[in-house]
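Can you make the complete structure from the sequences, with help from the hints?
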Amino acid sequence: MNNKLDYIELICKINPNLQKHTDVLIAYLTDIGFESFMETEKGVNAYIAECQFNEKALNDFEKQFSVFKLKFEYRIIKDENWNEKWTENYFEPIIFGTDLVVRASFHKNFPKAKKEIIIDPKTAFGTGYHATTYMLLEEILKSDTLNKSVLDMGTGTGILAILSKMQGSAYTFAVDNDIKAVKNTSENILINNTPDIEVGHGDITILKNEKFDIIYENIWKNTVINDMPILAKHLNSGGVLLTSGFYYKEYDEVKRAGEDVGLIFQYSREKDGWAVVKFVKE
Amino acid sequence: MAKPKDVEHVVKLQLPAGQATPAPPVGPALGQAGVNIGEFCKAFNDKTKDSPGMIFPVVIYVKKNKSYTFEIKTPPAAVLIKKEAGLAKGSGEPNREKVGTISKKAIRKIAEIKMEDLNAYNIEAAMRMIEGTARNMGVVVEK
Numbered sequence: 229m230n231n232k233l234d235y236i237e238l239i240c241k242i243n244p245n246l247q248k249h250t251d252v253l254i255a256y257l258t259d260i261g262f263e264s265f266m267e268t269e270k271g272v273n274a275y276i277a278e279c280q281f282n283e284k285a286l287n288d289f290e291k292q293f294s295v296f297k298l299k300f301e302y303r304i305i306k307d308e309n310w311n312e313k314w315t316e317n318y319f320e321p322i323i324f325g326t327d328l329v330v331r332a333s334f335h336k337n338f339p340k341a342k343k344e345i346i347i348d349p350k351t352a353f354g355t356g357y358h359a360t361t362y363m364l365l366e367e368i369l370k371s372d373t374l375n376k377s378v379l380d381m382g383t384g385t386g387i388l389a390i391l392s393k394m395q396g397s398a399y400t401f402a403v404d405n406d407i408k409a410v411k412n413t414s415e416n417i418l419i420n421n422t423p424d425i426e427v428g429h430g431d432i433t434i435l436k437n438e439k440f441d442i443i444y445e446n447i448w449k450n451t452v453i454n455d456m457p458i459l460a461k462h463l464n465s466g467g468v469l470l471t472s473g474f475y476y477k478e479y480d481e482v483k484r485a486g487e488d489v490g491l492i493f494q495y496s497r498e499k500d501g502w503a504v505v506k507f508v509k510e
Numbered sequence: 002m003a004k005p006k007d008v009e010h011v012v013k014l015q016l017p018a019g020q021a022t023p024a025p026p027v028g029p030a031l032g033q034a035g036v037n038i039g040e041f042c043k044a045f046n047d048k049t050k051d052s053p054g055m056i057f058p059v060v061i062y063v064k065k066n067k068s069y070t071f072e073i074k075t076p077p078a079a080v081l082i083k084k085e086a087g088l089a090k091g092s093g094e095p096n097r098e099k100v101g102t103i104s105k106k107a108i109r110k111i112a113e114i115k116m117e118d119l120n121a122y123n124i125e126a127a128m129r130m131i132e133g134t135a136r137n138m139g140v141v142v143e144k
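Protein sequence lines correspond, in order, to chains A and B.
Numbering-wise, the working numbering comes out as the position in the first sequence, counting from 1, plus 228.
Numbering-wise, the working numbering comes out as the position in the second sequence, counting from 1, plus 1.
Bear in mind the hints are in silico, worked out from the structure with no lab data behind them.
Note that the structure is predicted; figures quoted are calculated from it, not measured.
Check before you lean on any hint, since a few could be wrong.
Claimed, not checked - In the DSBU-like style, the derived pairs of lysine-lysine whose C-alpha atoms are separated by at most 35 Å in a straight line are:
{"hint": "1", "chain 1": "B", "residue 1": "105", "chain 2": "A", "residue 2": "506"}
{"hint": "2", "chain 1": "B", "residue 1": "50", "chain 2": "B", "residue 2": "105"}
{"hint": "3", "chain 1": "A", "residue 1": "248", "chain 2": "B", "residue 2": "84"}
{"hint": "4", "chain 1": "B", "residue 1": "6", "chain 2": "B", "residue 2": "105"}
Laid out in structure tokens, this is it:
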């Protein structure tokens with residue numbers, strides 16, 4: 229399967245280059261499918277996936293447009309691992325005392341710990357750098373996951389599922405709706421020698437009749453709230469749900485959503501303004 | 002927000018609410034500046050996800066130590082005009098081809114949204130700026 233997604237970069241030179249012209253041009257370019265923009269010294273660059281690019285629509289637009297002077301040219305940007313530069317230059321090992329080190333395969337100097345997870349961060353979310361992932365790793369480290377079934381919804385790099393498996397979890401299911409994350413998780417599972425994690429591509433609707441002892445969902449507030457009734461349904465009695473991906477100031481909304489479906493709120497924690505909220509099912 | 006101190010890169014993007022991904026322009030622009038792309042996307046999406054379909058300008062200030070802050074601005078006036086006037090598209094020839102109308106009430110609503118980002122003395126001045134943008138798009142402002 230080819231998951232490469234090349235992009236078109238449309239370079240627009242605006243004369244005169246005024247903010248109001250940039251804004252008008254962006255509104256027009258959204259009409260023909262462009263979705264993201266970068267302001268430049270000479271105007272604006274617009275971006276669209278190559279498979280969605282309609283050259284005729286652009287040519288028609290260019291011929292008709294007379295609001296201000298405009299010059300276009302475009303080029304193809306090949307798909308690549310955009311996080312690579314950050315990863316290689318700025319990604320440092322993440323240390324959880326003597327319990328765990330999360331590092332990339334290229335790291336040479338790092339302290340020894342009881343467990344070591346190798347994550348080569350690509351474009352998927354979940355290196356442990358972000359406060360939400362960090363706090364969930366802390367939660368897992370202090371949990372008993374031995375022989376417990378685990379669901380990691382919105383797995384990103386697979387890091388939470390991998391740590392659970394290293395701590396002896398039984399059936400472990402890592403799910404993401406982003407195909408790149410699914411691929412990245414599969415790679416990380418092999419690198420970390422935790423092969424019996426099942427990986428699924430989809431959202432919460434991928435679940436059938438399975439029930440889990442532990443569920444993690446680190447996506448964002450609205451998704452967590454919307455998913456809450458289904459998460460509760462798929463949790464065994466006495467099971468634990470750990471949620472994150474939202475700000476601490478918003479945790480009350482998630483707490484209410486959990487309580488509304490019968491879950492028992494245990495506690496919330498905060499790091500860098502982000503929250504983790506723990507529930508149990510009676 | 003004033004520009005923070007020790008800023009090495011300033012990146013100005015306009016991105017769909019709740020839909021920032023590491024694809025261009027975010028990936029190349031922020032990767033080059035040393036910003037953790039995944040983290041930025043998550044934070045941007047989290048702050049904008051309640052306005053689906055809208056485009057938000059965002060200015061990212063990257064410091065020498067690669068820490069960063071970002072400021073999300075109000076959506077472009079032209080995008081708000083399209084939405085308020087219910088337009089599928091703007092006019093390529095606004096002097097000749099009129100593509101729709103917009104009420105004064107809608108102009109005021111947009112001016113109020115944009116006020117914090119416009120260099121306008123009062124709401125009437127902001128409304129005149131919005132009306133100018135509407136005319137530029139071939140949208141007639143109702144009297």
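Each hint, compared with the structure:
no.: 1; hint: 105/B <-> 506/A; verdict: violated, 50 Å
no.: 2; hint: 50/B <-> 105/B; verdict: holds, 29 Å
no.: 3; hint: 248/A <-> 84/B; verdict: holds, 17 Å
no.: 4; hint: 6/B <-> 105/B; verdict: violated, 41 Å
Of the hints listed earlier, those the structure fails to meet are numbers 1, 4, in rising order.
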